[in-house]
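Protein chains: 2
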Amino acid sequence: MEVIQTIQELRSQLSPRREQGRTIGFVPTMGYLHEGHRSLLERAREQSDVVVLSIFVNPLQFGPTEDFSRYPRDTQRDLAIADAAGADLVFLPSVAEMYPTHPPRTTVTVNGPVTSILDAVSRPGHFDGVATVVSKLFHIVEPDFAYFGMKDAQQVAVIRQMVDDLNFRVTIVPCPTVREEDGLAKSSRNVYLSAEERAQAVVLSQALRLAQDYVNNSKDAIDIAGLKQLIASHIRTAPLAVIDYAEAVTFPGFEPVDSWSPNGGSDLIVALAVKFGATRLIDNTIIPRKV
Amino acid sequence: MEVIQTIQELRSQLSPRREQGRTIGFVPTMGYLHEGHRSLLERAREQSDVVVLSIFVNPLQFGPTEDFSRYPRDTQRDLAIADAAGADLVFLPSVAEMYPTHPPRTTVTVNGPVTSILDAVSRPGHFDGVATVVSKLFHIVEPDFAYFGMKDAQQVAVIRQMVDDLNFRVTIVPCPTVREEDGLAKSSRNVYLSAEERAQAVVLSQALRLAQDYVNNSKDAIDIAGLKQLIASHIRTAPLAVIDYAEAVTFPGFEPVDSWSPNGGSDLIVALAVKFGATRLIDNTIIPRKV
Chain A
1419 MEVIQTIQEL
1429 RSQLSPRREQ
1439 GRTIGFVPTM
1449 GYLHEGHRSL
1459 LERAREQSDV
1469 VVLSIFVNPL
1479 QFGPTEDFSR
1489 YPRDTQRDLA
1499 IADAAGADLV
1509 FLPSVAEMYP
1519 THPPRTTVTV
1529 NGPVTSILDA
1539 VSRPGHFDGV
1549 ATVVSKLFHI
1559 VEPDFAYFGM
1569 KDAQQVAVIR
1579 QMVDDLNFRV
1589 TIVPCPTVRE
1599 EDGLAKSSRN
1609 VYLSAEERAQ
1619 AVVLSQALRL
1629 AQDYVNNSKD
1639 AIDIAGLKQL
1649 IASHIRTAPL
1659 AVIDYAEAVT
1669 FPGFEPVDSW
1679 SPNGGSDLIV
1689 ALAVKFGATR
1699 LIDNTIIPRK
1709 V
Chain B
1419 MEVIQTIQEL
1429 RSQLSPRREQ
1439 GRTIGFVPTM
1449 GYLHEGHRSL
1459 LERAREQSDV
1469 VVLSIFVNPL
1479 QFGPTEDFSR
1489 YPRDTQRDLA
1499 IADAAGADLV
1509 FLPSVAEMYP
1519 THPPRTTVTV
1529 NGPVTSILDA
1539 VSRPGHFDGV
1549 ATVVSKLFHI
1559 VEPDFAYFGM
1569 KDAQQVAVIR
1579 QMVDDLNFRV
1589 TIVPCPTVRE
1599 EDGLAKSSRN
1609 VYLSAEERAQ
1619 AVVLSQALRL
1629 AQDYVNNSKD
1639 AIDIAGLKQL
1649 IASHIRTAPL
1659 AVIDYAEAVT
1669 FPGFEPVDSW
1679 SPNGGSDLIV
1689 ALAVKFGATR
1699 LIDNTIIPRK
1709 V
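Protein chains in written order, with my numbering: chain A, 1419 to 1709; chain B, 1419 to 1709.
What the hints contain is simulated information worked out from the structure, not anything from laboratory work.
For glycine and all other residues, C-beta sits at the position ideal for the given N, C-alpha and C.
Just so you know, not all the hints are guaranteed correct.
[Claimed, not checked] If you anchor each label on the Cβ, the simulated ranges turn out as follows:
hint : chain 1 : residue 1 : chain 2 : residue 2 : range
1    : A       : Y1632     : B       : R1488     : 57 to 63 Å
2    : A       : Q1630     : B       : T1519     : 30 to 36 Å
3    : B       : T1493     : A       : Q1438     : 38 to 44 Å
4    : A       : V1513     : B       : S1684     : 25 to 31 Å
5    : A       : A1498     : B       : S1534     : 44 to 50 Å
6    : A       : R1491     : B       : S1534     : 33 to 39 Å
7    : B       : D1582     : A       : D1638     : 54 to 60 Å
8    : A       : E1614     : B       : S1534     : 48 to 54 Å
9    : A       : E1484     : B       : S1679     : 42 to 48 Å
10   : B       : G1504     : A       : V1513     : 40 to 46 Å
[Said to hold, decoys possible] Now the stretches of chain B that chain A is said to cover, found in silico as 3 or more residues with beta-carbon under 8 Å:
hint : region
11   : 1519–1528
12   : 1551–1565
Chain A on its own, in the form it takes in the complex (with noise of 0.2 Å):
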């Protein structure tokens, strides 16, 4: 495995390769890799002759009172575990690398109804900044096959949208969540809970799964406004939690609704943001219509 600074030295690496019509996959992440992000690693290793994975914490998709400065690092464990996991490059560049002018002169902006709901009300700006960066690292790595995790539902609707509207050669594959045994979502961010929050933090995906069992009992279709307060009152059981959002709407077009029925045309998503203090979690499910 070899680690690697430049755009420059990372496309020398890539490019005899590329030349001997080898398949390129590529696991963007901003690092302190965890068992989801092990698991889009071995997906790639599965697909693709060579396995790229990249690590940057990217500032462009934080807000200003967000964590970015505090966001957690640790490089040498996250190559130990990329290592282990298989891949081949890992492409581990500065913010001057990325963003020689800063902030950058050019922007991707992505709109429509996946960036007018949930955490792009939420997070204003984010979106633009992960579109922005993975333009970038598209156009570095020039990857066949990208693998991202469905914890971030809304930003795998947001780059595969990308990816549409501008013509991308790349094909996204979305990976399934990694969970905690208890349910919690694998996610960087977990580092930061106090045990008592951490205790509290499954009522996460227990909600996620109320909302399922809750569907999967309907005779009718589901009023989504019955669904909220379902989820949103056992969110609450939890003493620690702040609901930022707790919403119900169409996959993968991101459109509220009324009311949902499985026979219907489009899926349901179920998508949490819950603060423990300081700390941001996001989860979701997707309950499928019925084909």
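With the hints as your guide, set chain B onto chain A.
Just chain B now, with coordinates in the frame of chain A:
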């Protein structure tokens, strides 16, 4: 020469050639080809193994009061010119093929001095439309080289900045402006001019020549206000000419300056936009610093 109307078909034509290690040269145009476009194709033919021409009148780069619907089109003539100049593939997509959702949901925006002046002010949204369509075309064609005419010097600067900022792998090749015998820069829009307007349009290139002479004959730093006055006075000798702008700024930075010296840090671009009736012509010349 093959004429191709869909993105999928173009990709399937280009992919095997790329795998054989052949370089791809790309000439993006809005059609109604003239000697300027021909010179781009010839340059591409010299430098690249596969020459791709695109013809697409991009609605996104026209303002609501501009000439999108009446922009001149003559596909049969264009194809004959392209064939004679050695194009291998001509990409001729419909608006629906390029923008399945219109207006498009994902856009590329280039900020900074280069998009704060001249055509960026006269044509709001124009360069966002250019950046977005060129991004799409670069993703579809994946060229090694892309050829642009320096008549649109500001466009070249915008695209170069976009390529740098977003790390596109393509090399931008600027090519010299091609002129009529009397000096008028070749442009698809020249066809709009009446005989009287056509005769008077020579003042643009004459004014640029005057600017060059003025600088060459100056021993001291040039007062930019004086230079602009000189140019404007000459353009106003044409009774039908209405000046949109007559500016001199740094190149390639496009930053306004009060005075300029050939011994200073940057080149100078003298840039004109002049209307004759509803027809808007642009032209420019770059005055190099002494190196």
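These are the hints, each one checked on the structure:
Between Y1632(A) and R1488(B) the CB atoms are about 58 Å apart, so this pair conforms to the stated range of 57 to 63 Å. For the pair Q1630(A) and T1519(B), the supplied restraint of 30 to 36 Å holds, since their beta-carbon distance comes to about 32 Å. One distance hint, 38 to 44 Å for the beta-carbon pair T1493(B) and Q1438(A), holds here, with the actual separation near 40 Å. A beta carbon spacing of about 27 Å between V1513(A) and S1684(B) agrees with the range 25 to 31 Å that was offered as a hint.
A hinted range of 44 to 50 Å holds for the C-beta pair A1498(A) and S1534(B), which are about 47 Å apart. Checked against the hint of 33 to 39 Å, the pair R1491(A) and S1534(B) passes, with Cβ atoms roughly 36 Å apart. Under the hint 54 to 60 Å, the C-beta atoms of D1582(B) and D1638(A), about 57 Å apart, fit the expected range. A hinted range of 48 to 54 Å holds for the C-beta pair E1614(A) and S1534(B), which are about 52 Å apart.
Between E1484(A) and S1679(B) the C-beta distance comes to about 46 Å, which sits within the given range of 42 to 48 Å. At roughly 45 Å, the beta-carbon separation of G1504(B) and V1513(A) lies within the given 40 to 46 Å, and the hint holds. Counting residues of the region 1519–1528 of chain B whose beta-carbon sits less than 8 Å from any beta-carbon of chain A gives 8, enough to reach three: the coverage restraint holds. As drawn, the region 1551–1565 of chain B meets chain A at 5 residues by the rule of a beta-carbon pair under 8 Å; at three or more, the given contact holds.
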